[in-house]
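**Q** These protein sequences, in sequence, are chains V and Z.
The working numbering numbers the first residue of the first sequence as 1 and each following residue consecutively.
The working numbering numbers the first residue of the second sequence as 1001 and each following residue consecutively.
Just so you know, the hints here were simulated from the structure itself, not pulled from any lab data.
Take these hints with a grain of salt, some might be off.
As the list claims (entries may be wrong) - Where chain V lies over chain Z, by a calculated footprint (3+ residues, C-beta under 8 Å):
#1 1001-1015
#2 1382-1390
#3 1428-1437
Beta carbons are placed, not taken as given, at the ideal position from N, Cα and C, and that holds for glycine.
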Amino acid sequence: MSEKYSRQNITRREFLKIVGISTVASSTILTGCQSGDKNKGDIQVKGEIPTDKMTMRENPKTKEKVSLLGYGCMRWPTLPAPEKGGNVIDQEAVNELIDYAMAHGVNYYDTSPVYVQGWSEKSTGIALKRHPREKFFVATKLSNFSNFTRENSIEMYHRSFENLQVDYIDYYLLHSIGNGGIETFRARYIDNGMLDFLIEERKKGKIRNLGFSFHGTKEVFDEVLAMHDKVHWDFVQIQLNYLDWHYASGNNVNADYLYAELEKKQIPAIIMEPLLGGRLSKLPDHLITRLKQRAPEASVASWAFRFAGSFPGVLTVLSGMTYLEHLQDNLRTYAPLVPLTEDDRLFLDQTADLMKQYPTIPCNDCKYCMPCPYGIDIPAILLHYNKCVNEGNLPTSKDNVTYRESRRAFLIGYDRSVPRLRQASHCIGCEQCVSHCPQSIDIPAELHRIDQYIEQLKQEKL
Amino acid sequence: MLRKIRITLAVIFYLMITLLFLDFTGTLHTWFGWMAKIQFLPALLALNLGVVLGLIVLTLLFGRIYCSVICPLGVFQDIISWFGGRSKKRRYRFSYSPAKNILRYSILIIFLIALIGGIGSLAALLAPYSAYGRIAQNLFAPFYAWGNNVLAYWAERADSYAFYETEVWLKSVPTFIIALLTFIFVFILAWRNGRTYCNTICPVGTILSFLAKWSWFKPVIDSEKCNSCSLCSRKCKSACIDFKNHQIDYSRCIACMDCIDACKHQAISYRHPKKSEKAVTPKPTDQSRRSFLTTTALVATTATIKAQEMKVDGGLAAIEDKKVPKRNTPILPPGSQNARHFAQHCTACQLCVSVCQNGVLRPSTDLQRLMQPEMSYERGYCRPECKKCSEVCPTGAIKLTDLAEKSSTQIGHAVWIKANCIPLTDGVACGNCARHCPTGAIHMIPSDTSDPESLKIPAIDVERCIGCGACENLCPSRPFSAIYVEGHKQHRII
């Protein structure tokens, strides 16, 4: 607990030190690259996105070519209000996004029965149905989080075929292994015989590749991976990005270890959270400056994608792209991929070091914790807090030069981002959310800490 | 010239006082809060002798300029009356009528009895400042707030923190209806006959009228210059100029100076009258030319304003609105000392209700204390950093010296309702009441005395509880909280 408190109490001097390091480092780079043709006023800064340049990776088992950019279907654009029947997804927008992705070489689509309040599979299925089956690979998961029974799990498996409107599933995953430790893993997949069932289905050809996605401790990872000899995992989905490489949050395992273990066993890796739910594109100002100064025309996000894509053992990198602009930006990065140089790697390692000194909460807005039975909007609270951290609106004392403005921005922004009744003050600490968080954030503790901070802000007792 | 000065001052006073009721942020009160405090009845109730003496001297010197400049309801009527006289046909619609003394004196007596007897709500019904406060708070403030919310909407999109959204809600149906009826009543009277209300009903007007008779400066008609053209009389919204006898009823004259400008022969001037001009007020002639109370069929449009529905996007659990628990004793704001003191001093002007940012204060619906504020905690609780109500209160009904006094004043105490408590009903850990109690009056104890590890339930140290309502408001049990505050008749420092 005390360590968590000290993390937010970053002093002014420390802060200036961090900013100072990054600006010095980046300004030296900037001075070296001031060439360029100023006469070409009509030139498009970024040309057309090529449709045939997507970097492809080969699945060692099936020899099929998978696009390096995979479409994560967890963050589809939603409607302002649910339709009759409850659908919350903007189907028109999904169709447009998938058509665009298809046209530019993206052939891997990853969904789950629980994504977007349970509507993602169906919506993804509708959009994909409009394309020839052999043109895409679809991945979905056994997301039996709350009800482990064999009946429920098998029903969930069959419903995925219905929703996706397919006869076979290209990539099928045991969803989020590691949450809840090895006991939960056994309860979800071993004791109810589901793993054996799925291996049978693979034999029948209903599942072409069987794997698992992982969030959790080293012990669980080692144990599940050790089953490789028996199960033969066709792929494993891991969380990998330049922050998690050395600095995985909570109990999670650093990505360098996960990737190295997969390399050893020659299992292809599928990458999730390459951008940490957008956290690696919404950086503190001084870090944005740092990245921009090294490559002024590259987007902040492109660094994260190049990092994840540069590993040869990576089959595809998933990104939950809600907006066309995100899709376009990622297509540019991967069509084709320009792998990171040794220097670039070092540069990102240093960036991660600087980032680690910033007290943001590692929430990726995956919403697995939702709905909170007491109505709290957990991700919205954590994201608002992170936003204020990044924008420097987290006053630590009345003596801060910008105390008044920051306080106003924090408190008014809080009411805007989170309705009063869903704010942290209403968190009762029942801890029902804790086991759901893939980033193993101690949500109640963080909410209570934020609530206490807000109390101090409101009462001006900082 | 005098008329222009009067209008300028009146507009400034009127706008500022109105803004006091509209400004929910409480910023303006630092600068213009005194305007509410120099209102006659609030000053009298606050025993603010300086102000009362000042107003008496002012009236003895200049006549009832209190009514034409300081009183917001008076100026409000002038505005309505001005619009009422815009058409050519109605420009000279006033005429002299004798004073309705029986009516105004009986109302004054009722008012005084109510005031002394502590029937605050009846006094508040008649008092002009309170009546205007209710109109501004109930009828004008929502539009102001909605306007603000539109700006907040755009500010949010422009990434600016200049405006923030505020909640608009119907605080009390009876008070809203009373404000609406008062508005309609005053509107009709003012539209037709100018200042009828001030000279027949308003108790403050009647009190000041005794003094105004003896005021040093007053408008005087020079009978030598006057050719009895009746122009002044037809321009007099107080209907107090008897042009035939060159007399002005100074008890009803509000020193608006309209007649001075209206007279084409400079026969009227604002000065100290000569001895010869000091004539007795004319005998009241017993002719009632117009019905003074316009009977109007009023259909009270009860606005059925539904409680704002929660946005439910499916990803969030629905939240039921909290309901008001039945309290045996109403909760009064800290600084109101005790129920009797409060009932006697509060004029129910709604200024405190307007500035309460936590949605705690609202007018009472209880007949005994109708329209006087009371507290409830479904929307928020009495936050430790706020004492806005005591800052704005013009009568001293709510009076705090500092926040420390507030935080140590016990206005009520929390009561636990076992049947609603979440650890017992849902079987999960909670303790949100204890976590937010500002005085540490709530301790969490095991629900099973034999098992120290069992889920914990709150135990209230009533002696340390101040009744702020944090526990009640933040209790997860809905619609009724598992812990609620019972008010105290007598507040005390703990």
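**Q** Each of the hints needs a verdict: does it hold here or not?
**A** To see whether the hints hold, each was checked on the structure:
With 0 residues having a beta carbon nearer than 8 Å to a beta carbon of chain V, the stretch 1001-1015 of chain Z misses the requirement of three or more and the stated coverage is violated. Residue count for the stretch 1382-1390 of chain Z with a Cβ under 8 Å from a Cβ of chain V: 3. That meets the three needed, and the coverage hint holds. Residues of the stretch 1428-1437 of chain Z with a Cβ under 8 Å from some Cβ of chain V number 7, which satisfies the need for three, so the listed coverage holds.
Consistency note: the structure conflicts with earlier hint 1 alone.
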